[in-house]
Structures are given as structure tokens and as C-alpha cells.
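Enquirer: Turn these sequences into a full structure, and let the hints guide you.
Read top to bottom, the protein sequences are chains A and B.
Residue numbers for the first sequence follow numbering that gives the first Met the number 0, beginning at 0 and rising by one.
Residue numbers for the second sequence follow numbering that gives the first Met the number 0, beginning at 0 and rising by one.
Read the hints as simulated data drawn from the structure, not as lab findings.
Remember, predicted model here, so these are calculated numbers, not experimental data.
For every residue, glycine included, the Cβ atom is placed at its ideal position computed from N, Cα and C.
Just so you know, not all the hints are guaranteed correct.
[To be verified] Straight line, CA to CA, 27 Å or less: simulated DSSO-like cross-link-like pairs of lysine-lysine:
(1) LYS125/A to LYS313/B
(2) LYS150/A to LYS639/B
(3) LYS556/B to LYS568/B
(4) LYS309/B to LYS125/A
(5) LYS125/A to LYS308/B
(6) LYS123/A to LYS309/B
[Said to hold, decoys possible] Take a look, some chain B residues computed to stay more than 12 Å from chain A by CB distance:
(7) GLN16
(8) GLY34
(9) SER48
(10) GLY140
(11) LEU242
(12) GLN356
(13) PRO433
(14) TYR583
(15) LYS585
(16) ASP626
(17) ALA764
(18) ALA789
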Amino acid sequence: MKLGMAIEELHRSENELYTVLLSMSDRHKVDHEVFHVTRDMASWSRQHVTELAEAGREFGLELDPEAKHVHGLMEKVRQKASELTGRESAPGLLLLADLRHLYREASGTSLDWELLAQGAQGAKNKELLDLAERCHPQTLRVSRWANAKLKESSPQVLAS
Amino acid sequence: MGRPGTGVYPLVGRSPQMTRLDRIAKPWGTRTPYGPGETWPVRVDSHLSGGLTDEDVDRWVPSASILHSNGDGLDIAVKDGRIVGVRGRAEDRVNHGRLGPKDLFGWQANHSPDRLTRPLVRRDGELVETDWDTAMDAVVGRVKALLEEQGPSAIGFYTTGQLFIEDYYTLGLIAHGGIGTNHVDGNTRLCTATAAAALKESFACDGQPGSYTDVDSADVIALYGHNVAETQDVLWTRILDRLAGPNPPKIVCVDPRLTPVASAATVHLAPRPGTNVMLMNALLHEIVRNGWVDQAYVDAHAVGFEELKKQLEKYPPEVAAEVCDVPVEQIREAARLIGTAERLLSTVLQGFYQSHQATAAAVQVNNIHIVRAMLGKPGCGLLQMNGQPTAENTRECGADGDLPGFRNWDNDAHVADLARVWNVEQIQIPHYAPPTHAMQIFRYAEQGSIRFLWIIGTNPAVSLPELQRIRSILGQERLFVVVQDLFPTETTAFADVVLPAATWGEKTGTFTNADRTVHLSEKAVEPPGEARPDLDIFLDFARRLGLEDKDGDPLVKWTDPEGAFEGWKECSRGRPCDYSGLSYAKLRARNGIQWPVDDEHPDGTERLYADGEFWADPGYCEEYGRDMVTGAPVSETEYKALNPDGKAVLKAAEYLPPHELPSEDYPFQLITGRTLYHFHTRTKTGRAPQLQAAAREVWVEMAASDAADRGLGEGDLMEITTPRGRVEAKLRVSGIRPGVVFLPFHYGYWDADDGQDRAANELTATDWDPVSKQPIFKTAAAAVRKIGDADGPSAAPTTTASAPVAGSVPPTAGGAAAEARETVGGQA
Numbered sequence: 000m001k002l003g004m005a006i007e008e009l010h011r012s013e014n015e016l017y018t019v020l021l022s023m024s025d026r027h028k029v030d031h032e033v034f035h036v037t038r039d040m041a042s043w044s045r046q047h048v049t050e051l052a053e054a055g056r057e058f059g060l061e062l063d064p065e066a067k068h069v070h071g072l073m074e075k076v077r078q079k080a081s082e083l084t085g086r087e088s089a090p091g092l093l094l095l096a097d098l099r100h101l102y103r104e105a106s107g108t109s110l111d112w113e114l115l116a117q118g119a120q121g122a123k124n125k126e127l128l129d130l131a132e133r134c135h136p137q138t139l140r141v142s143r144w145a146n147a148k149l150k151e152s153s154p155q156v157l158a159s
Numbered sequence: 000m001g002r003p004g005t006g007v008y009p010l011v012g013r014s015p016q017m018t019r020l021d022r023i024a025k026p027w028g029t030r031t032p033y034g035p036g037e038t039w040p041v042r043v044d045s046h047l048s049g050g051l052t053d054e055d056v057d058r059w060v061p062s063a064s065i066l067h068s069n070g071d072g073l074d075i076a077v078k079d080g081r082i083v084g085v086r087g088r089a090e091d092r093v094n095h096g097r098l099g100p101k102d103l104f105g106w107q108a109n110h111s112p113d114r115l116t117r118p119l120v121r122r123d124g125e126l127v128e129t130d131w132d133t134a135m136d137a138v139v140g141r142v143k144a145l146l147e148e149q150g151p152s153a154i155g156f157y158t159t160g161q162l163f164i165e166d167y168y169t170l171g172l173i174a175h176g177g178i179g180t181n182h183v184d185g186n187t188r189l190c191t192a193t194a195a196a197a198l199k200e201s202f203a204c205d206g207q208p209g210s211y212t213d214v215d216s217a218d219v220i221a222l223y224g225h226n227v228a229e230t231q232d233v234l235w236t237r238i239l240d241r242l243a244g245p246n247p248p249k250i251v252c253v254d255p256r257l258t259p260v261a262s263a264a265t266v267h268l269a270p271r272p273g274t275n276v277m278l279m280n281a282l283l284h285e286i287v288r289n290g291w292v293d294q295a296y297v298d299a300h301a302v303g304f305e306e307l308k309k310q311l312e313k314y315p316p317e318v319a320a321e322v323c324d325v326p327v328e329q330i331r332e333a334a335r336l337i338g339t340a341e342r343l344l345s346t347v348l349q350g351f352y353q354s355h356q357a358t359a360a361a362v363q364v365n366n367i368h369i370v371r372a373m374l375g376k377p378g379c380g381l382l383q384m385n386g387q388p389t390a391e392n393t394r395e396c397g398a399d400g401d402l403p404g405f406r407n408w409d410n411d412a413h414v415a416d417l418a419r420v421w422n423v424e425q426i427q428i429p430h431y432a433p434p435t436h437a438m439q440i441f442r443y444a445e446q447g448s449i450r451f452l453w454i455i456g457t458n459p460a461v462s463l464p465e466l467q468r469i470r471s472i473l474g475q476e477r478l479f480v481v482v483q484d485l486f487p488t489e490t491t492a493f494a495d496v497v498l499p500a501a502t503w504g505e506k507t508g509t510f511t512n513a514d515r516t517v518h519l520s521e522k523a524v525e526p527p528g529e530a531r532p533d534l535d536i537f538l539d540f541a542r543r544l545g546l547e548d549k550d551g552d553p554l555v556k557w558t559d560p561e562g563a564f565e566g567w568k569e570c571s572r573g574r575p576c577d578y579s580g581l582s583y584a585k586l587r588a589r590n591g592i593q594w595p596v597d598d599e600h601p602d603g604t605e606r607l608y609a610d611g612e613f614w615a616d617p618g619y620c621e622e623y624g625r626d627m628v629t630g631a632p633v634s635e636t637e638y639k640a641l642n643p644d645g646k647a648v649l650k651a652a653e654y655l656p657p658h659e660l661p662s663e664d665y666p667f668q669l670i671t672g673r674t675l676y677h678f679h680t681r682t683k684t685g686r687a688p689q690l691q692a693a694a695r696e697v698w699v700e701m702a703a704s705d706a707a708d709r710g711l712g713e714g715d716l717m718e719i720t721t722p723r724g725r726v727e728a729k730l731r732v733s734g735i736r737p738g739v740v741f742l743p744f745h746y747g748y749w750d751a752d753d754g755q756d757r758a759a760n761e762l763t764a765t766d767w768d769p770v771s772k773q774p775i776f777k778t779a780a781a782a783v784r785k786i787g788d789a790d791g792p793s794a795a796p797t798t799t800a801s802a803p804v805a806g807s808v809p810p811t812a813g814g815a816a817a818e819a820r821e822t823v824g825g826q827a
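Expert: If you want it as C-alpha cells, here you go:
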């Protein structure tokens, strides 16, 4: 049974997604919708990490139920940097790069949820399948948002 | 404040009785009670200046009200080429003759001596008078240079909710079809964006389902964040008359303030600001749990019910009671009234639209009407309201971040059809993403990629959130700012070119109120000096810019308002907001007709969505929807899978805590809002003596318990701060919920005596609903402290939601100057 491995991998990638979302939020403090929506979506990943840690116990895993992000000084520094440079047009390009990165991270995590859901079905593990059905749609919403935001932002950045 | 419906009133049906009434002291006038299913009695209100009588008036010119969204039909009185007053139109379907204080007195601003009468251009840092040729050459010169250097992405338009259809449609054509920029939005983003967004989510298309006549037969009226008594006071008069009659409706009110609506309510829920989705989910939870659902209707006419039910499981009233801080019995009682109503009318406004999770909350009101099958029948009205008189038209005509005629930017066939109507190449019309919303337009200007911003009939330097930021954007050297307005404002101070515009009464055009009623407003007098109608300014701009269609003919085919209206009729033909059956001649014969008006409905359409038929078919709908949390658009493929047969969409929404929560340093929640006597930044109402005197300066409201805890009293001078700024205001101890403070947003700096900080938007945060992009004005964390003793009461009116609950405050009154005439019992 390799379901434990799948849980561990997903726990790692959701934690990574959480970090990517919060770092991106800090870097784009003056792009207000990006700042707030990435934080709202990060709360999904935080919840997923907690639930995956709980699910891992059945498989003998000791996963951290708290999502980890480098808080404190770095967060403030990034936000301050965003405020100071937010008026230049270069942040537009940085935003596109960050959205592209987020899209790939969220898509990868989404694939991991797919794997877990398939494994849960194979093992007839109803609880694990429920978990995947509950969390996977939210991860998909993150990649859809990244895609939509990229579509919306790129014409102005590239054509000006 | 007394309960409505008390007192002795003239009986209807007798010979007309004329009285004079101080309409500042009695904003809603005399009661004319009526029962369910009866016709609202006529009461004709009028006000003429300087003791004039009807006999003195040379001409009465048909129009409708312009200082709110109710669309009250009225005639403008003209004597010796000047406006001398107004009179309500008895036969108008909206108001049956009634007018509110802003209608009765606001017109005086037209004659204010400080109207802009000549164009201004900036020379050596100063705005100086010039002629139209010089001003327009400066505007067109800059646009041409930027188009050459950068392209259409450099050009932005920020318009208003107070122009006419003819103006908006022409502007939309010039901007989208001519210049080809995606950056056109209005200040309607601040007032009506969520109404449109919520309707698009539930019905895949904009369009107000209900009618004001639903007040006449409803047995329960639920008002969500809608202080109708102050925002659409004549609609409230209609409700008051039902409350005073036999078998009155029950009222459910959701509002953190003790508004006149709350005082009249059977159940008043005053939730914590920012928790509307939690409350709505609990109400729906109860409705579903108790089986108050029309399952047959839902099965036949809606999708998404199973998912909604699943989501609602998480929101029992006990959870909501905790989060919203509302007694659980009140939530159950409200749900029972709404869930068992036979004819339910619901209205929604800024308490939802300008708060956290705006669209998600407003959509739950739609969900109630869908699951209860309360659509398209008398009394079963759903009114997603709007704030400004012509906000509806920006949504229809493509001047507010939508394509004209409710066309879908994401549907190539719709864009191709628009290109056919305009005779331009399809690629000329931007449709690579939703049209840019106002907050993003300002963001692009901040970043320097929008370098030309034309601001029309609005005052962002007072009305947008976080004013320090807005001033720094408008003040940039690299941004060319054109401002088209009636008066010098806080925003014209940042302009490179100022264009003096004609206003209501000085130009002809049509506009549509919140229940789809179209009025023709005719020119009554000449504009002052060299001021020009907005349409003439746009036509002149298009001509000078040399805008052409794909055959090399002029892009804009018309030269006057009626021509523009005929152009719009063609653009709207076959679309939901169909005006093709209307004409100026028809509106001259009967003013006030509800769209759609086409061959099938020559007299208009009172209610939409009768028999569960919607405009939601994937090929026809205006929008495929958005994610309720992230705002990401739903794709065509996803929508087709979800809703192939074009049914109503029940959209579930999870509750998220507000982004800015109270803290030790900022322990209060700040909400901003309006008062009955003023409109926007008071550019007009501040120049109407009776209205200005009724609410002459800013105040701050706080609950009695909060004031007592801090030893504060009526009139104390307070400082209100947030991380963005500070405001000084005198205290009114009002019926607002504890923990919340309220500031009216009307007060800027054009008539301030000193350098005092008083604009509420010094304090608000830059944050918006990701779905509707409407800024959030009602969930900031704030600190409040006393900085001076009272030297008298605050200037807050005593007649409205700001009524005092402590201390002795003289009642708001207008005296002889505010006396208006009422004639009750006449014939329509």
C-alpha cells in the first residue's frame, strides 16, 4: 500500500502551494486583488495541510498539521518592497511571472490530488476519497484563478 | 422616530386636498394608505421658488428625478428661460405624483453662480479659461500622440451614473469601437456593480426581475442592507402607505443601523459588518430545513440545488448567531417570515454591495427567490437596486465594464454581432478579457500604463477609497487628466483640461431607473455660458479624432440625442434590454415605460422571468459566471456543462472572514454611507440651501453603550483613524449597533471652512469584491478618540437613521423655505 506516500507528497505540495501563495501575496501588496485573493486561497491550502496530516496518521505518518511559511521579517520586507516599487511598470512583468509559477504549482498539486483520489478508490478507502473530493476542487480553483488573472493582466503588461 | 402609519390623513377619492408641508422635517410627506392589490393613491408634490404659483409658469417640461435611482416622473417648471421648480407627474407609474426632498429642492444647483461656464486648460501650473477649440485640441492632441506611441491601452475613461443613454452609448462606441481601448468604466462600479454581478451569477444575464408595483401586493418585504427610506425615499413612501393601510406587509430588515426601515420592521437583524454571507446562508439553511422550498419549480427551472444544500449544511442559525452576533431566535423568525411568505418582495443595496463578499451575499437573496419560486408574479419581486439615476444605462450601453446590449465579451458571436452593428472589424473591439474595472483603471494609471484619463461627471478625489492614494495617482505629472463636470470639484483641481458640461434640464436624453422604467428628459433651459451637453462634447471629440468605420465613413452616425437613441435601439434589438419598440414620440405620449419594449411587448414588460423562462441559454446569456471567492470567470465549456438548458443557477457561497478585522489598536468597525438629504459629494445638494442646511457638516455615529463606556456625549469632537488616515467629526449617539461607527461620505473639501480632515474616504481601504469589483466601504477597522468638548449637537439629521437616542437635540426642520405643496386625492 503506497497511499501513505501519496499523502506525504500531497502534504508537501500543499505546503509548498501555501508558501507560494503567501509569498506572492506579499510581493504584490499594491495589487490589491492579488494581495487579498491569494491570502483567501492560502487559507484553503492551510486547511488541506491540516486534514492531510490527520489522514496520514492512519498510515503511520507524523505530518505537521500546521502549514509553514516564513513569517515575520521577510513578509514585511516583501510588502514594503512592493509598496516602494509598486508604481513602476516592471512589477507588471513580475506579476505575470508569479501567476505563471502559481499556475504550475497549483496544477501539480491538483494532479497529486488526482493520484490520491485514484489510489483511494483502488483501496476502497471512503474517508480518503471524501477528503480528495472536498479539497481537490479548491486546488483547481487556484489554478483557474491564476489562468484567468494571467489572461486579464497580460494584454496591458505586454502591449504598453 | 415614531412608527409609520400613525396620524389622521385625508381620505382618498374625495375632492383633491391641498396642503403645505415642511418636507425637510417630513421627508416622506402625508400618508395615503392603501391595501393589498389596490392601486397606490395619487399625491402630487410640487415646489416652486419665490412664492410663484402654477399660473406664473411659462412651460412644464417632462423629465424624471436625477439625484437617486428611483426615477420619479416630474415636470420642470420654466419661467423667463429659467428653472423655477418641479412638480411630480400624477400619471407616472413610478411615483404617482410624489417627489422626495432631493427632487423638490435639488434643481436649484443648476443656477448656482459657481457653475463652470468656460473650458479650462493648465498653463504654468494654473487652470486658466480658454475656448473650446483650444481645450479640445489639447485633448485630441494628447490622445493622438499616445495612440501613436503606445496604442489604445494608454487611454482610459472613468464615467458616471448620471449621464443619459445617448451619452453612454456614444461614449462606449467611441472608446470600444473607435479607439479600441478596454478601459471604460463608471463610478457605477461603486454603486451598482454588485447588482449587475449578482443577477449575472443567478440568471446569467443582467436585468431587474421585479417591479416597484410588487410593493402593492407583497405580504412580506425583506430589505437587505437597503435603507430605502433615505436612498429611494419615494419607494419608501409607497411602502409606508401599505404599512398604514389594511393588511400591511411584514418587514424584515438587515442593517447594522437603526434606520427608518429598521424601526418599521417586524424583525430587524443587525449583523456584524462583513458577515452577510454567513447570515444569508443561515436564512437559506432554515428555509431548506423547514421544507419551504418549491421543489417542483426548482427541479424544472434551476440547476445547482444539491450543491447549495450541501454548502448550507455548514451554516445552521446557531453558528451564524455567533459569527454575526445576532440572536438565534431572530434569525429563525426572519427565516420563517421569508420562508412562509406568499408574495415575497426583496430589495438589496449598499449594505450588501459595498461590504465584504458583496456578490456572494447578494446572490443568496436571488437563491431565496429561486427556491421559493418568487419570480415573475405580482408581489413576488426581486429588486437588486442601484444608487444612481442612470446607473442602469451604463450597464446596458457599455459604459461601465460591459459590452452594449448585455452582449457577452467571452462569446465571439456576440462580439461579431456588435462589430456588425458598429461596422468595424471584430478585432477592433477588445474582448480578450472582461472590460477593465474602475479600480484596475486607477491601478494602471498608478503604474503608468494608462497615461490619459477622461473623468466625466464624477469626483473620485472624494468618492474613491483611500484618498491619499487617489490624490497621488491623479497628481502624477505623467498622467493627462481631463475632467468634464458642472462645477469646480476636488477632482478638477488635478485636471489638465476641464470641460464645462450641461446637466439635467439643459439637455435632452433618456434614462432608466432601477425597475427598468425608461423616461425621456427634455431640455428645459439653455446651459450657462459656454457649457455644452455631454453628447455634443463626445461627438466633437470623435470628429476631431477622425474616427471612422471600416468603410471609411464617420464611426458615429448621429448628430443629436434622438439620432443616438435610434442608434442604441438598433444595438439593443433582440437583446434582453430591448428598446427597439420605444421612440421619443412614444415617450412623449407616455413617459415611463419598462423595457424590454419590442414588437411583442409594445407597451413594455412589467416583470421578467414569468413562467421560469430565463435569458441563460449559453448562446444568448451575457455572462457564464464567476468563482464566488476568486472572481475567476467560468469558461464557456464549463457553463455549457453546468447549464445546457439555460435555467436559473443556484450558486452556493462559503463564508470568509473580512480582510480587515478590529484589533487592539483599531477596535471599531467603520462603515460609511449616505443621508437622505445629500447625494454623492454634494456637488448639487450642497448648493441647494434647504438640503445643505438639513445636514450641513460631517458627523460620526456611535452606539449609546459605546459612548457611555467612554464617557462621550452628543456633539463631542472626535478623531477617527485607520492606518490610511484621520477624520474629525462631531459625535451623534445613534441607534447603530455597538462596536460599529458610521461616517457619511458626502463631505469633501470644496466648501470646508478650514483645513480639517473630513472625507470619510481618507479612512477606507483599497479592497474590492473579486466578483463584482465593487470597492468595500463597510468593513474597515478604526480607532476613535475624543479631541474636544461639545459646543452644541452634531449636524446629523434627526429624521433619519442618524436620529439621536440620547441628549437633547433640536429636530431637523426646514421652515418656510422648505414648504412644498401636496395635493392628495386627484386623478391619475
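Enquirer: For each hint given before, does the structure comply? Return the numbers of the non-compliant ones in rising order.
Expert: When the structure is compared with the hints, numbers 12, 13, 16, 17 turn out to be violated.
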